[in-house]
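A.B. asks: In case you want the letters, here they are:
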Amino acid sequence: MSILGATTNELRVRLERGDVTSVDVTTAYLDQIAVHDAQVQAFLLVDRDAALEQARDVDAKRQAGHAVGKLAGVPVALKDVVCTKGVRTTCGSRMLENFVPPYDAHVVQRLKEADAVLIGKTNMDEFAMGSSTENSAYQVTKNPWDLARTPGGSSGGSAAAVSASMAPLAIGSDTGGSIRQPAGFCGVVGMKPTYGRISRFGLVAYASSLDQLGPFASDVSGAALLLEVMSGHDARDSTSVNVPVPEYSRSVDEPLAGLRIGVAREHFVEGLDREVEAAIRTALDVYRKLGAEVKEVSLPHSQYAVAVYYIIAPSEASSNLARYDGVHYGHRAKDFSNMIDMYSASRGEGFGTEVKRRIMLGAYALSAGYYDAYYLKALKVRRLIRQDFDQAFQSVDVIASPVAPTPAFKIGELVNDPLAMYLSDIYTLSANLAGLPGICIPAGFSGKNLPIGLQLLAAPFQEERLLRTARMFERETDWHKQRAKL
Amino acid sequence: MATQLTRADVQKVALLGRLKLSDAELEAYTQSLGNIIGYVERLNEVNTDDVEPMVHAVELSNVFRADEVRPSLPRADALANAPKSERGFFLVPQILDER
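Chains as they are written, first to last, in the working numbering: chain A, 345 to 830; chain B, 452 to 550.
In case anyone wonders, no lab produced these hints; they're calculated from the structure.
Fair warning: this is a prediction, and the values are worked out from it, not measured in the lab.
It is possible that part of the hints are untrue.
Dumping the calculated DSSO-like pairs for lysine-lysine here, alpha-carbon to alpha-carbon at most 30 Å [to be verified]: (1) A:LYS754 to A:LYS825; (2) A:LYS724 to A:LYS639; (3) A:LYS678 to B:LYS471; (4) A:LYS405 to A:LYS429; (5) B:LYS463 to A:LYS724; (6) A:LYS678 to B:LYS463; (7) B:LYS471 to B:LYS535; (8) B:LYS535 to A:LYS678; (9) B:LYS535 to A:LYS429.
Turn these sequences into a full structure, and let the hints steer you where they fit.
C.D. replies: Take a look at the structure:
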């Protein structure tokens, strides 16, 4: 079997046996990038020599008989939202065009400790604000299944990279669905763990109470392994929770007996594409055949998730992005009349349209006279959303839903209608507001041969259950084995 | 209550956010922000009497750590990305008049 068609586990086994070297594996992915990325434009940075050097080091370590890490020799692509020491990190923004971080993000350290090969930095919506990767200041990433369509966003580069076999694994960040929705659009596995499961140290902040890092892979086992490597407490992020990290990759193949799957009636309403609905209903039948019980649950406040999110996330962003002042790092304007004007000119030039929109939206919601009506109100409805889930998880183990109302939309289709773009996030936002883990797995194709994603959500810190549930479905289907023809 | 967002409102939040906008941008944002604000006002339908605001998904109390001296980022590294620096400091435009 070819290297590019192999799963992460198959790669590991072949590397362990010595059937292939990391240099072979890394070269295969670098060649795939060289051939196809001019079209897909998933990567903002690929340093072939640096990647091959890492691969050679791991090969040497293995050949010398030293113990190697869990991802030894396996390439991983990084969304350009995580800081990489000495390697440019742009966050998809002109503001950080020349930013070279002086330290590694916690997850980057973890990957290095696991002997992974860091193959490149992937494209994203500027500061992770967007659902299509069209808000990147640098390039528009294409969906490998249909180059006229978006890969989703904001982690569209990472999703497209895995989908186009340019990397077996990738890291993304998910503030309102930015891992799960692009995974669905690109036909790969993407997971947002519980808030606090993975340290955010070195993750460029967008909305700090919602941001969470997570894995992309071509199958559930690959996602389980990468999650295992990324997870765990880090004193440098005081919101990272100090609870033991299960060996997700070890238990992932064990089916769950007596599984109860919840289906929310609020998720099957107007606006949901018929083919997407049919795929999700078929997926539920697969679970029924496996002996799971499918039960209706109610999430009455889920209809308010978009409104709550687009108050809370911009409010946090307006505060977080105040750090870009043209003084410490980032873009500084050439022409200005005084200090305040330097801030305004630098920020006016350095930020793109959507980032400015969210900064102003947040500033509005937090400003005197509006704080109670918007921000405080949103925080209260956020609690009601969480309480709906707490109630639902009393009677079910996971909740199944579409990941997005439609398959991948066309490039240019929604980008000039921000509200319509926001509404496309309807199925993913609640998990961030409530802090829940969620996974998206391939669950079929539309008539136009576009992937359809199944989202599964669970109670906090139930990642193991989520992965095992996802794997039960994957084992019965071959959607995840389909690859886009480039 | 449908709040009508005006150009002056957008000018105000642009000032708060320290964002220099062109006239065309001001015009476009007045429209798009107005639409979004109009949409989020549906939260007024929800009764939130006696509901505590939820600021965080994991409701942690203060996380304490020992107050220990540890190495910090070397000054040269901290300054390496600065648009302008001089003699070990970040350089900013003059803010006080010379007298």
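A.B. asks: Of the numbered hints stated previously, which ones are contradicted by the structure, given in increasing order?
C.D. replies: Those not satisfied: there are none.
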